[in-house]
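As a plain string of letters, each chain reads:
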Amino acid sequence: MKREVYLDHAATTPVHPLVREVMLPYLDEKFGNPSSFHSLGKIVKDDVDTARSHIAQILHVRPDEILFTSGGTESDNLAILGYARKNQEQGKHLITTTFEHHAVLEAMIHLEKKEGFEVTYLSPDREGLISVEQVREALRDDTILVSIMYANNEIGTILPIADIGKMITAWREEHKRPALRFHTDACQTPEYLELDIEKLHVDMLTLNGSKMYGPKGVGLLYLKRGIKLQPLQFGGAQERAIRPGTEHVAGIVGMAKALELAQANREAESARLIPLREKLIEGIRSSIKKTRLNGHTTKRLPNNVNISIMDIEGEAMILYLDAVGVYTSTGSACTSASLDPSHVILALGLPYEVAHGSIRFSLGAETTQEDVEYVLEVLPPLVEKLRALSPVSVDEKYFV
Amino acid sequence: MTHKQEPVKGTQGDVTTADNAKSWFYTDVVKDHFFNPRNFMLNDADEAEFDAIGKVGSPACGDELRVWLKVESGTERILDFRWKTFGCGSAIASTSIASVIVTENGGMTLEEARALKPQDIMERLGGLPQRKFHCSVLCDKALRDAINDYYRRIEQFDKIIVEASRIIDPVSKVTDKDIEEAVLEGAHTIELVQQKTKVGIGNPGCLPAVEELIRFYKEKYFG
Chain A
1 MKREVYLDHA ATTPVHPLVR EVMLPYLDEK FGNPSSFHSL GKIVKDDVDT ARSHIAQILH
61 VRPDEILFTS GGTESDNLAI LGYARKNQEQ GKHLITTTFE HHAVLEAMIH LEKKEGFEVT
121 YLSPDREGLI SVEQVREALR DDTILVSIMY ANNEIGTILP IADIGKMITA WREEHKRPAL
181 RFHTDACQTP EYLELDIEKL HVDMLTLNGS KMYGPKGVGL LYLKRGIKLQ PLQFGGAQER
241 AIRPGTEHVA GIVGMAKALE LAQANREAES ARLIPLREKL IEGIRSSIKK TRLNGHTTKR
301 LPNNVNISIM DIEGEAMILY LDAVGVYTST GSACTSASLD PSHVILALGL PYEVAHGSIR
361 FSLGAETTQE DVEYVLEVLP PLVEKLRALS PVSVDEKYFV
Chain B
1 MTHKQEPVKG TQGDVTTADN AKSWFYTDVV KDHFFNPRNF MLNDADEAEF DAIGKVGSPA
61 CGDELRVWLK VESGTERILD FRWKTFGCGS AIASTSIASV IVTENGGMTL EEARALKPQD
121 IMERLGGLPQ RKFHCSVLCD KALRDAINDY YRRIEQFDKI IVEASRIIDP VSKVTDKDIE
181 EAVLEGAHTI ELVQQKTKVG IGNPGCLPAV EELIRFYKEK YFG
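The listed protein sequences derive, respectively, from chains A and B. Here the numbering used here is used: the first residue of the first sequence is 1, the next is one more, and so on. Here the numbering used here is used: the first residue of the second sequence is 1, the next is one more, and so on.
If you're looking for bench data, these hints aren't it; they were derived computationally from the structure. All of these numbers come straight from a predicted model, not from anything done at the bench. A portion of the hints provided could be inaccurate.
Here are the simulated lysine-lysine pairs, DSSO-like style, with alpha carbons at most 30 Å apart [as the list claims (entries may be wrong)]:
| hint | chain 1 | residue 1 | chain 2 | residue 2 |
| --- | --- | --- | --- | --- |
| 1 | A | Lys113 | B | Lys220 |
| 2 | A | Lys228 | A | Lys166 |
| 3 | A | Lys385 | B | Lys70 |
| 4 | B | Lys159 | A | Lys385 |
| 5 | A | Lys290 | A | Lys397 |
| 6 | B | Lys31 | A | Lys2 |
| 7 | B | Lys220 | A | Lys114 |
| 8 | B | Lys177 | A | Lys289 |
| 9 | A | Lys113 | A | Lys176 |
| 10 | A | Lys289 | A | Lys2 |
| 11 | B | Lys31 | A | Lys385 |
| 12 | B | Lys159 | A | Lys114 |
| 13 | A | Lys166 | A | Lys224 |
| 14 | B | Lys218 | B | Lys177 |
| 15 | A | Lys199 | A | Lys224 |
| 16 | B | Lys55 | A | Lys289 |
| 17 | A | Lys113 | A | Lys92 |
| 18 | B | Lys117 | B | Lys177 |
| 19 | B | Lys55 | A | Lys385 |
| 20 | B | Lys117 | B | Lys159 |
| 21 | A | Lys228 | A | Lys92 |
| 22 | A | Lys176 | A | Lys199 |
| 23 | B | Lys55 | A | Lys290 |
| 24 | B | Lys218 | A | Lys113 |
| 25 | A | Lys228 | A | Lys176 |
| 26 | B | Lys70 | B | Lys159 |
| 27 | A | Lys86 | A | Lys290 |
| 28 | A | Lys289 | A | Lys299 |
| 29 | A | Lys299 | A | Lys397 |
| 30 | B | Lys31 | A | Lys290 |
| 31 | B | Lys55 | A | Lys397 |
| 32 | A | Lys290 | A | Lys176 |
Chain B with its partners taken away, still in its complex shape:
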C-alpha cells in the first residue's frame, strides 16, 4: 500500500490536471467515506460534552475542518472523535477515515494520535491524487490543535507541543515545512506554492513572508 496514487491518461478520472493529460480516480475507500461519512458531528456541537476542540483552515481557502474529542483521563485514550468539514471529496473522506483510525481498537492515546501523519491517512484511503496531498488532508493538523487544547484545559502546559515548524499563515495553518516540501516538489514561484498549499489565499498579508521562504529554500536546495 502506498499513499501515492498513479494517474491514468486522459480525463476520465475524478481529478484532472490542467492540460487534461492525466487524471486520477478516487479509490473505493475514498468514495465509501465520501458518500457514507463516519463519526461526523450531526447537530450543533454541545461543547461541554467534549474535552477538546481543534480547528484548521477557513472557507476562504476552500477547506475548513473542526474536530471535537472525548478523552479518557488517565489513559489519555481518544474515546470519541467528531468532525465537520467544508471541502472537496478527498477532504471529507480523509477526515472520516481519520476519525476511524484514532478511535478503533479502544482508541489511540494522545501521544500516538499526535504522531499521525497525512501519509498514514492517505495510505488507509488507498492513495490520493498527488495534487490533493497538501490541500485536502488537514485532519492531522486539526487533531494536533485539539490535543494541545486538551492539555491547555487540564493545565498540563508542559505537554503542549508547539510544532517544530513555524506556522506562516494562521488561516490555512501552512508551515515553513509545508513550503519547504512544496519547493522540493518543484513549486518555485508563489503561484505554484499557492496551488500546492493554499498559503495566503484567505490571508494575503502573509505572502511577503512566503516569498522570502521560497527564495530561501530555492537557494538552499537548487543554488
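With the rest of the complex left out, here is chain A:
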C-alpha cells in the first residue's frame, strides 16, 4: 500500500475521535431545536449553553461574549463589516495588513471600494512580521478598527498580538477614542498558542472549528461586552440577534470539545512538533539547492514549513507529491480559482518567482518522524525531475 502523509493541517484537520463522539447524539436522538419550548428543545438549548460556558472558561471571557457562526470566514466578515458599518459615525478609517486571510482582506477591500471607508494596509517585513510601532504610526483620530491576524495561515509567522493589543488599549485611553477596537483572526492557533483573552488584549477574536480537529461549518467570534455590531443576516433572535439562524448544535458542541483538547495539549504538542518542523526544514534545505524558507525562523507556528523551491511551479510540485501520497498545498494558486501567485509571499516583498514556487507543509497531531523522513526521501528526486523540464533559472540575488 502506498504511504499516505497528510501535511495540509493548515487547510483543515481531521475530526478528533472524542469530538466525533460528543457530536453523534445531535445527529440522532438530540435533534431538537434550541429555540423550541418543549423539553426536546430545552435539552439541546442547555447543551449549547454548556458548550458556550465551556468555551468562555477556556478563553477567560463571559459566556455572553461568545457568538457562534458558520466558520472563520463568517466570523471575520461579521467582525469587520458588522463593526465598521455600526460605528462609522465615529470614524471611517480601518487598519489591517497586506497578508491577512482573504476573509479579512476582501471584507476590507469591499468597505474601501463600496462603502467609503479608508483602509491602511500595513506591509510585513521580509520575515513576515508586523511591529507594534508600525501599527501605532498608522493610528489616526478617525481609526475605528484594527484587524491583524494572530498567526499567518501560509507562512505561519506569529504576530505580537498581545503587545499590539496593549498599545491600542493605551492609545484608546490616551486619545479618548472609545470607538477604536482590535480584532484578530486566530484560526491557525488553538493547538499551539495562548488564547487567554485577558492576556491578548483583543476586543474581537475569530476561531474556526475545522482547523482544530473539530467539525467544519462552525466557528465563533469572541465579542467583548458593550461592542455593537450590525448583523449580516436577519430573521431571528439567536446569538442575541447579531447572528440569527438555528444553531449548528452538533458543530457547537464538537467545537467546544475540540478547543478544550487543543488548548489542554498545546504545550506538549508544540514541544513535539518543533523538532519535526526543524528536521523537515533542515532536510529540505540541505538536500535541495536554491530554496528559501518563507517566514521568520523561530517566530512561527510549530507546525508550519513554507519553502519556495526555485525554478519550478508550485502546482506541478503538489501533483507530483500527490502521486507519491504526500498531501500539501501551495500559495501559488493554480489549484484554486485565482491564478495570481500567493499574495502572502508577494507581501513579504519577494518576487513572483518565489511566490510561484512556494509549498506549504503543515504538520499535525498524527504527523510522525517517519512521515517527515518519507517526505525527505521522495521530494529531492521530484524536484530534480521538474527542474530538468524547466527553462527558468532564477538568480540567487532574487530570493536569498
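Chain A is already provided as a structure; the job is to place chain B on it using the hints.
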C-alpha cells in the same frame, strides 16, 4: 472528443473553483504526459544544433515556455521539437503532447504547424478544465514564434507572419484577440481578464491599454 471538460461537484478534482463548488479531474492523457513528459530538452540546449527557437511567457506570470525546432530544408517538415516549460500540470502536459503532434507521422510542415490551435492540443489531451484554457496552453504561440524565427534565419522575410492580432503584453504575449475572447466569456473587469489571461501580471505597464480594450469590447458586444 471535445477540448472542453465538464466539471464535477465538490472539490475532489485536481482543479477547483474559488467557491469550492466545482472541480475538474485531469484526464489520464494529461496525467500521462505530465508524469512522463515526451521530447523535452534534457540538458542545456546546444543552440547550434537547432534551426529555430521560440519563447513565450515569463516566470513572473507563472508560465514560461521555450521550444527548439529542427526543420528539414526544402520540405519544411519539423523533424524535432524540444521544449522546456515552467508551469502547472496542464502547461507541462500540453507542451508535451504538442511536441508529439507536430513530429508524428514524419512531422508537420511549418505551414501545418502554424495552423495548430490550442483547441487541437486540448482535444488530444481529452479536454482541459475551462479555467486552464488561456493560461496553460501557450505552446502554439511559442511554436509560431519559432516558425517566424526559422524564416528570419533563412532570410525568407515574406514568410514571417506577424499575428493578425496585436500583442498587448510582450511578456505574456497576450493579444487583443485573447482579451476579446475573455470579455466574450464574461470577464468584464481588469481583474477577471487577468484571471483568465494573466495579461500584465509580469508587466503592469500594459494595463492601461488592457483597460481600454476591455471597455472597447464591452461596448461592442454588450452595449
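Okay, the hints, checked on the actual structure:
The suggested pairing of Lys113/A with Lys220/B holds, with an alpha-carbon distance near 27 Å, which does not exceed 30 Å. Between Lys228/A and Lys166/A the CA atoms are separated by roughly 21 Å; this keeps the pair inside 30 Å, and the hint holds. Proximity of Lys385/A to Lys70/B is assessed by CA-CA distance (about 24 Å); at most 30 Å being required, the pair is judged to hold. For the hint pairing Lys159/B with Lys385/A, the CA-to-CA distance comes to about 38 Å; that exceeds 30 Å, so the pair is violated.
For a cut-off of 30 Å, the pair hint linking Lys290/A to Lys397/A stands: about 11 Å separates their Cα positions. A distance of roughly 18 Å separates the Cα atoms of Lys31/B and Lys2/A; the hinted pair therefore holds under the 30 Å criterion. For the proposed pair Lys220/B and Lys114/A, the alpha carbon gap of about 27 Å is at most 30 Å, so the pair holds. As the CA atoms of Lys177/B and Lys289/A are separated by approximately 41 Å, the hinted pair breaks the 30 Å bound.
For the hint pairing Lys113/A with Lys176/A, the CA-to-CA distance comes to about 29 Å; that is within 30 Å, so the pair holds. Straight-line distance between C-alpha atoms of Lys289/A and Lys2/A comes to about 28 Å, which keeps the hinted pair within the 30 Å bound. For the hint linking Lys31/B to Lys385/A, the alpha-carbon distance of about 15 Å falls within 30 Å, and the restraint holds. In summary, the hint linking Lys159/B to Lys114/A is not supported, as the alpha carbons are separated by about 52 Å, beyond the 30 Å threshold.
For the hint pairing Lys166/A with Lys224/A, the CA-to-CA distance comes to about 15 Å; that is within 30 Å, so the pair holds. Note on Lys218/B and Lys177/B: the hinted pairing holds, with a Cα-Cα distance of about 13 Å set against a maximum of 30 Å. Straight-line distance between C-alpha atoms of Lys199/A and Lys224/A comes to about 14 Å, which keeps the hinted pair within the 30 Å bound. Straight-line distance between C-alpha atoms of Lys55/B and Lys289/A comes to about 26 Å, which keeps the hinted pair within the 30 Å bound.
For the hint pairing Lys113/A with Lys92/A, the CA-to-CA distance comes to about 13 Å; that is within 30 Å, so the pair holds. A distance of roughly 14 Å separates the Cα atoms of Lys117/B and Lys177/B; the hinted pair therefore holds under the 30 Å criterion. Taking the CA atoms of Lys55/B and Lys385/A, the gap is about 21 Å. The hint holds against a cut of 30 Å. Taking the CA atoms of Lys117/B and Lys159/B, the gap is about 19 Å. The hint holds against a cut of 30 Å.
Annotation: proposed proximity of Lys228/A to Lys92/A holds, straight-line Cα distance about 16 Å (limit 30 Å). Using a Cα cut-off of 30 Å, the hinted pair Lys176/A and Lys199/A holds, with the two alpha carbons roughly 22 Å apart. A hinted pair counts as satisfied when its Cα atoms are at most 30 Å apart, and Lys55/B with Lys290/A qualifies at roughly 24 Å. Taking the CA atoms of Lys218/B and Lys113/A, the gap is near 22 Å; set against the 30 Å cutoff, the hint holds.
Annotation: proposed proximity of Lys228/A to Lys176/A holds, straight-line Cα distance about 18 Å (limit 30 Å). A hinted pair counts as satisfied when its Cα atoms are at most 30 Å apart, and Lys70/B with Lys159/B qualifies at roughly 17 Å. Distance hint between Lys86/A and Lys290/A is unfulfilled; the C-alpha atoms sit about 50 Å from each other, more than 30 Å. For the hint linking Lys289/A to Lys299/A, the alpha-carbon distance of about 24 Å falls within 30 Å, and the restraint holds.
For the given pair, Lys299/A sits about 24 Å from Lys397/A by alpha-carbon distance, which is consistent with the 30 Å threshold. A hinted pair counts as satisfied when its Cα atoms are at most 30 Å apart, and Lys31/B with Lys290/A qualifies at roughly 27 Å. Distance check on the hinted pair: Lys55/B and Lys397/A sit about 24 Å apart at the alpha-carbon level, within 30 Å; holds. Taking the CA atoms of Lys290/A and Lys176/A, the gap is about 52 Å. The hint is violated against a cut of 30 Å.
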